[in-house]
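Peer 1: Residues per chain are reported as follows:
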Amino acid sequence: MNHVSEHDDLHAALGEQVEQLVITASPIEAVMRHGTAVRHRRRLALTSGVAALAVLPVAAVAVFAGGAGTARSGEGQAHAAAGAATSPTHSTSPTSPTSPTSPTSPTSPTSPTKPIMAPTGTFEDREGPVVAPNPHDDYRVVASGTLNGRHWRLVRDRFVYPKDERPSSPGEPNNHLPQSQQGHAGTASCEALGLQWGDRAPGTFPDASSPMTCGTFDQVSGPGTLVENPSTTVGGTLTELAGRVDGTKVATVTLTVGDRGTAPQPITRVSGEDYGYYVFLVDRSVIDGAGRYTLTLRDAAGHVVDVIDPAGPVAGS
Amino acid sequence: MRKQPGGAKESAGTGADADAEFQAFMAARWPGLVRTAFLLTGDQFLAEDVAQTALTKVYASWRRVRRADDVDAYVRRVLVNTNAGRFRKRRVPEHLVAAPHDARGYEPHEGIAQRSALMTALGTLPARQRAVVVLRYWEDLSEREVAAVLGCSQGTVKSQAARALAKLRTDPALGGGFGHGVSDPVKVPTMRKDGE
Numbered sequence: 001m002n003h004v005s006e007h008d009d010l011h012a013a014l015g016e017q018v019e020q021l022v023i024t025a026s027p028i029e030a031v032m033r034h035g036t037a038v039r040h041r042r043r044l045a046l047t048s049g050v051a052a053l054a055v056l057p058v059a060a061v062a063v064f065a066g067g068a069g070t071a072r073s074g075e076g077q078a079h080a081a082a083g084a085a086t087s088p089t090h091s092t093s094p095t096s097p098t099s100p101t102s103p104t105s106p107t108s109p110t111s112p113t114k115p116i117m118a119p120t121g122t123f124e125d126r127e128g129p130v131v132a133p134n135p136h137d138d139y140r141v142v143a144s145g146t147l148n149g150r151h152w153r154l155v156r157d158r159f160v161y162p163k164d165e166r167p168s169s170p171g172e173p174n175n176h177l178p179q180s181q182q183g184h185a186g187t188a189s190c191e192a193l194g195l196q197w198g199d200r201a202p203g204t205f206p207d208a209s210s211p212m213t214c215g216t217f218d219q220v221s222g223p224g225t226l227v228e229n230p231s232t233t234v235g236g237t238l239t240e241l242a243g244r245v246d247g248t249k250v251a252t253v254t255l256t257v258g259d260r261g262t263a264p265q266p267i268t269r270v271s272g273e274d275y276g277y278y279v280f281l282v283d284r285s286v287i288d289g290a291g292r293y294t295l296t297l298r299d300a301a302g303h304v305v306d307v308i309d310p311a312g313p314v315a316g317s
Numbered sequence: 001m002r003k004q005p006g007g008a009k010e011s012a013g014t015g016a017d018a019d020a021e022f023q024a025f026m027a028a029r030w031p032g033l034v035r036t037a038f039l040l041t042g043d044q045f046l047a048e049d050v051a052q053t054a055l056t057k058v059y060a061s062w063r064r065v066r067r068a069d070d071v072d073a074y075v076r077r078v079l080v081n082t083n084a085g086r087f088r089k090r091r092v093p094e095h096l097v098a099a100p101h102d103a104r105g106y107e108p109h110e111g112i113a114q115r116s117a118l119m120t121a122l123g124t125l126p127a128r129q130r131a132v133v134v135l136r137y138w139e140d141l142s143e144r145e146v147a148a149v150l151g152c153s154q155g156t157v158k159s160q161a162a163r164a165l166a167k168l169r170t171d172p173a174l175g176g177g178f179g180h181g182v183s184d185p186v187k188v189p190t191m192r193k194d195g196e
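Protein sequences appear in the order of chains R and Y.
By the count of full-length UniProt numbering, the first sequence reaches residue 317 at its end, each step adding exactly one.
By the count of full-length UniProt numbering, the second sequence reaches residue 196 at its end, each step adding exactly one.
Everything labelled a hint here was simulated from the structure, so no lab data went into it.
Computed from a predicted model, the values in this text were never measured in an experiment.
There's no promise every hint is true.
[As the list claims (entries may be wrong)] Calculated cross-link-like contacts (lysine-lysine; reagent style DSSO-like; alpha-carbon spacing at most 30 Å):
id	chain 1	residue 1	chain 2	residue 2
1	R	163	Y	158
2	R	163	Y	167
3	Y	158	R	249
[As the list claims (entries may be wrong)] Just the calculated beta-carbon pair ranges, DEER-fashion:
id	chain 1	residue 1	chain 2	residue 2	range
4	R	168	Y	73	39 to 45 Å
5	R	168	Y	169	28 to 34 Å
6	R	36	Y	172	48 to 54 Å
7	Y	31	R	8	17 to 23 Å
8	R	149	Y	16	55 to 61 Å
9	R	164	Y	117	16 to 22 Å
10	R	303	Y	73	16 to 22 Å
11	R	162	Y	69	45 to 51 Å
12	Y	28	R	149	56 to 62 Å
13	Y	169	R	162	21 to 27 Å
14	R	303	Y	17	44 to 50 Å
15	R	8	Y	67	33 to 39 Å
16	R	185	Y	31	38 to 44 Å
[Said to hold, decoys possible] Under 7 Å between C-beta atoms, here's a sample of chain R residues computed to sit facing chain Y:
id	residue
17	10
18	17
19	26
20	31
21	39
22	215
Even glycine gets a Cβ: it sits at the ideal position worked out from N, Cα and C.
Given the sequences, and given the hints that come with them, work out the whole structure.
Peer 2: What follows is the structure, encoded as structure tokens:
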């Protein structure tokens with residue numbers, strides 16, 4: 001079989017698809033106008049003091065830095081953490097080796113010089129009928145802590161469902177399948193990741209908030225994408241920023257909002273997996289005020305792997 | 001679209017120079033970016049939206065981007081990430097997710113041009129596999145280059161491409177070919193290594 005020829009054949013077949021397109025004139029004016037607006041917003045974020053930035057690196061700081069709350073990071077089945085007798089400790093004092101006042105790498109788009117303050121807000125309780133965790137799901141507590149007297153846990157939920165169906169949500173007829181069917185033909189998988197407040201079992205609804213990624217088992221379990229499913233969840237006066245990164249490439253994540261930022265926070269790895277997780281809790285006014293934020297991913301040597309803007313620079317424009 | 005010659009390199013000029021440089025860059029790259037985005041999205045309107053959003057991001061950082069070693073590679077990465085961001089944004093609910101999004105595929109706007117069997121088959125691929133197919137077989141990038149764009153390993157590119165091609169080979173709509181017509185099917189290639 002002539003692979004090169006076949007490669008060219010596929011190239012040609014794809015070319016046939018795009019040949020049918022009538023390419024419109026490039027929207028240069030709109031692009032430059034919006035791009036300029038983005039630049040202005042960045043400048044504003046840098047110069048407006050962001051004094052109102054009541055900020056916050058999070059509880060995760062202590063957890064990620066391997067400080068107190070040790071046993072809460074990246075271990076075991078979620079249920080083990082439910083109703084834990086010892087309250088996961090939390091400190092608003094960053095324990096990571098780098099002070100939050102240290103400038104970030106020169107390659108970072110902004111050079112935050114001020115620390116993000118600890119959040120003063122709290123998360124409002126979600127309303128709705130209480131639904132117990134799905135017995136087929138694999139819940140894990142990735143990290144946990146206490147913020148302003150309230151217990152939080154970053155909960156990962158992996159489950160399997162018939163790929164031709166929509167995965168059921170709590171309260172609907174359950175179509176989740178046993179974990180033993182993970183990767184089997186005719187199935188698809190989802191990974192949900194979200195912060196859960198309170199002490200009920202991980203995965204209890206409506207306590208858990210879980211943006212999710214679904215796809216094949218390989219997609220969900222990786223490895224692959226550098227950053228997967230970065231989410232921004234707002235509740236009460238807090239904003240949660242959480243996501244999954246490729247732990248083979250990324251060692252720390254730094255949150256930057258305007259001219260403020262956190263120290264690099266070590267990701268939390270789950271034993272035996274390539275991925276790691278991060279979570280930041282921020283006063284809602286911080287993100288709302290700045291309009292955008294960036295996450296700087298660094299490898300173990302401190303080199304910047306990538307800088308991502310989960311909301312996209314044109315969001316809100 | 002074969003690889004286009006390298007992009008705008010830095011000319012230590014004024015803001016006006018940079019703007020003129022960007023205008024020239026965008027004029028040259030717009031058609032190609034829309035075509036690539038079309039193969040990624042399966043929808044011309046979405047493709048133009050993704051390409052425009054990507055170029056807006058690029059313009060916002062143009063003074064830095066233009067100094068990159070390979071501007072085209074950077075822009076390609078922004079394009080792919082912008083497309084992926086469409087999924088991410090849908091996965092960012094403010095509260096509980098009522099109807100989780102299935103990242104395996106998505107339906108383009110209705111009423112758009114009739115889709116070929118190949119586009120339909122591409123639409124059944126997971127987003128990442130589809131990106132691998134487009135970058136590898138349309139953009140003609142090497143596995144290393146595709147890995148750089150997607151932020152993954154070459155091994156992942158290889159496995160994702162193999163899975164994608166295997167799926168296309170067995171897609172009944174393609175009938176073993178790629179939509180050239182029954183009499184002139186295009187065989188789904190097996191993987192080749194860089195430089196072959």
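Peer 1: Each hint: holds or not?
Peer 2: Each hint tested on the structure:
Restraint check for residue 163/R and residue 158/Y: satisfied, since their Cα atoms lie roughly 24 Å apart, inside the 30 Å limit. Proposed proximity of residue 163/R and residue 167/Y is supported: the alpha carbons are some 15 Å apart, at most 30 Å. In summary, the hint linking residue 158/Y to residue 249/R is supported, as the alpha carbons are separated by about 19 Å, within the 30 Å threshold. Separated by about 42 Å at the C-beta atoms, residue 168/R and residue 73/Y satisfy the suggested range of 39 to 45 Å.
For the pair residue 168/R and residue 169/Y, the supplied restraint of 28 to 34 Å holds, since their beta-carbon distance comes to about 33 Å. With their beta carbons about 49 Å apart, residue 36/R and residue 172/Y fall inside the hinted range of 48 to 54 Å. About 21 Å separates the C-beta atoms of residue 31/Y and residue 8/R, a value consistent with the hinted range of 17 to 23 Å. Take residue 149/R and residue 16/Y: their Cβ atoms lie about 56 Å apart, and the range 55 to 61 Å holds.
Checking the proposed 16 to 22 Å range against residue 164/R and residue 117/Y shows it holds: the Cβ atoms sit about 21 Å from each other. A C-beta distance of roughly 19 Å is found between residue 303/R and residue 73/Y, which places it inside the suggested range of 16 to 22 Å. Between residue 162/R and residue 69/Y the C-beta distance comes to about 47 Å, which sits within the given range of 45 to 51 Å. Residue 28/Y and residue 149/R have their C-beta atoms about 58 Å apart, which keeps the hinted 56 to 62 Å range intact.
Hint check: residue 169/Y to residue 162/R, Cβ distance near 24 Å, so the stated range 21 to 27 Å holds. In this structure, residue 303/R and residue 17/Y break the distance hint of 44 to 50 Å, their C-beta atoms being roughly 31 Å apart. For the hinted restraint 33 to 39 Å between residue 8/R and residue 67/Y, the CB-CB distance of approximately 34 Å keeps it satisfied. As the Cβ distance of residue 185/R to residue 31/Y is approximately 41 Å, the hint placing it in 38 to 44 Å holds.
With its C-beta approaching chain Y no nearer than about 4 Å, residue 10/R sits inside the 7 Å limit, and its interface hint holds. Below 7 Å, beta-carbon pairs count as interface contacts, and residue 17/R has one with chain Y at about 6 Å; its hint therefore holds. Proximity of residue 26/R to chain Y holds as hinted, the smallest CB-CB distance being about 4 Å (cut-off 7 Å). For residue 31/R, the shortest C-beta to C-beta distance to chain Y is roughly 5 Å, which falls under 7 Å, so the interface hint holds.
Proximity of residue 39/R to chain Y holds as hinted, the smallest CB-CB distance being about 5 Å (cut-off 7 Å). Here the hint on residue 215/R is kept, as its CB sits about 5 Å from the closest CB of chain Y, short of 7 Å.
Consistency note: the structure conflicts with earlier hint 14 alone.
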